[in-house]
Amino acid sequence: DQQVKQNSPSLSVQEGRISILNCDYTNSMFDYFLWYKKYPAEGPTFLISISSIKDKNEDGRFTVFLNKSAKHLSLHIVPSQPGDSAVYFCAASENSGANNLFFGTGTRLTVIP
Amino acid sequence: NAGVTQTPKFRILKIGQSMTLQCAQDMNHNYMYWYRQDPGMGLKLIYYSVGAGITDKGEVPNGYNVSRSTTEDFPLRLELAAPSQTSVYFCASRKTPAGGTDTQYFGPGTRLTVL
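If you read the protein sequences in the order shown, they are chains A and B.
Here the working numbering = 1-based position in the first sequence + 278.
Here the working numbering = 1-based position in the second sequence + 45.
If you are wondering where the hints come from, they were derived from the structure by calculation, not from laboratory data.
All clues given are correct.
Below 27 Å or equal to it, Euclidean Cα-Cα: the simulated DSS-like pairs (lysine-lysine) are:
| id | chain 1 | residue 1 | chain 2 | residue 2 |
| --- | --- | --- | --- | --- |
| 1 | B | 54 | B | 140 |
| 2 | A | 315 | B | 102 |
| 3 | B | 54 | A | 315 |
| 4 | B | 102 | B | 89 |
| 5 | A | 346 | A | 315 |
| 6 | A | 332 | A | 346 |
| 7 | A | 315 | B | 89 |
| 8 | B | 89 | A | 283 |
| 9 | A | 334 | B | 140 |
| 10 | A | 332 | B | 140 |
| 11 | B | 140 | A | 315 |
| 12 | A | 346 | B | 89 |
| 13 | B | 89 | A | 349 |
| 14 | A | 315 | A | 332 |
| 15 | A | 283 | B | 102 |
Using C-beta positions, here's what the derived DEER-type ranges look like:
| id | chain 1 | residue 1 | chain 2 | residue 2 | range |
| --- | --- | --- | --- | --- | --- |
| 16 | A | 339 | B | 52 | 28 to 38 Å |
| 17 | A | 354 | B | 63 | 41 to 51 Å |
| 18 | B | 84 | A | 309 | 28 to 38 Å |
| 19 | A | 338 | B | 54 | 29 to 39 Å |
| 20 | B | 98 | A | 354 | 41 to 51 Å |
| 21 | A | 295 | B | 55 | 36 to 46 Å |
No experiment lies behind these values; they were computed from the predicted model shown.
In this text, a Cβ means the ideal position worked out from N, Cα and C, and glycines have one as well.
Bound conformation, chain B alone (with noise of 0.2 Å):
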């Protein structure tokens, strides 16, 4: 399994340009996640998802849009870049809880700057 891949690693992006980060799983996981951190902070939780076709906002959605037609995909889509949005992106993925411990797999993560 390769797990939780992210495109491209690195973007370098002028203010008001738009992009797709890209994130895909091949765990069969129903829950996908997108975080963002911030030099020197923790992550924070844009978007999820808990199934293909729907998506829910985390706790700092403005300025992303997010898409899920699959179990398998789930895009990150920035529309006008602005210099706040220069973070490093990460995607997570997890399985259906059946109670007890439950693990968020991580991608790589995507470091994106905008000038």
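Only chain A is shown next, with the shape it has when bound in the complex (with noise of 0.2 Å):
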């Protein structure tokens, strides 16, 4: 039973413009968030958290928004680089020091310059 939704499995923008990844979560216990960003035979890379006291974090050209009462958060990349393509996870665990992520199936950003 998938608990971290990514419905888009892949996303294409143009270069300069904003890459935008949405991201579901179905268990009300998850209180705080993650983006991975994986590229090809490589480990996933920590981008950015949030905690569910916030509601938006921003860090550089990524910004994540979490909307607590629609389980649903979004990673917005402003502006998109074609160094930006690669696979974007977004895992949720119960807290931040928690052990289990749980991780959404991923959805594969290409950047066209």
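Make the complex out of the two chains shown on their own, each in a separate frame, by following the hints.
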């Protein structure tokens, strides 16, 4: 049973435009959310996180928005760059120290030069 | 720092064979994890360890065993390989959380095929 869902398997965006990646979750106990980026033949690398006490967290070109009532979060990348082309995974846990991270299925972002 | 390293990168096993996937980290992290990623799916936690000598099951532990005799190493053992264990295996580690955000660092993965 997939508790974290990324319903768009792929997304293509022109360089310089905004990329918006979406994620939904079903478990109301989830309290901490992360985005990971993965290049081919590499492990995922941490990108940005957000705690449920916030509705927005920003780090440079990356912003994560959390809507707890809708059980939805999104990752905005502005402006998008060709180097951002990768698979993006959303993950959730019951707190920031929890050992069990639940991952979505990933969205492949392609930024077109 | 090499970070999290995994060996081998690729392996093909026959049904019923056994093997050990190696994982090592040089960041002095207490916590270590094993995940598997099946095609088109998210990562699922197999086992984790909060320190040397302490391990616990994750979401999908059946068919696997782990041990943690040192802080640096966390091997994953497959005793009787089955086609359902065909997957990419990722090892990860993180520091003991001290409040606030916490990050898992992942290795490059081992691609295992069981035929």
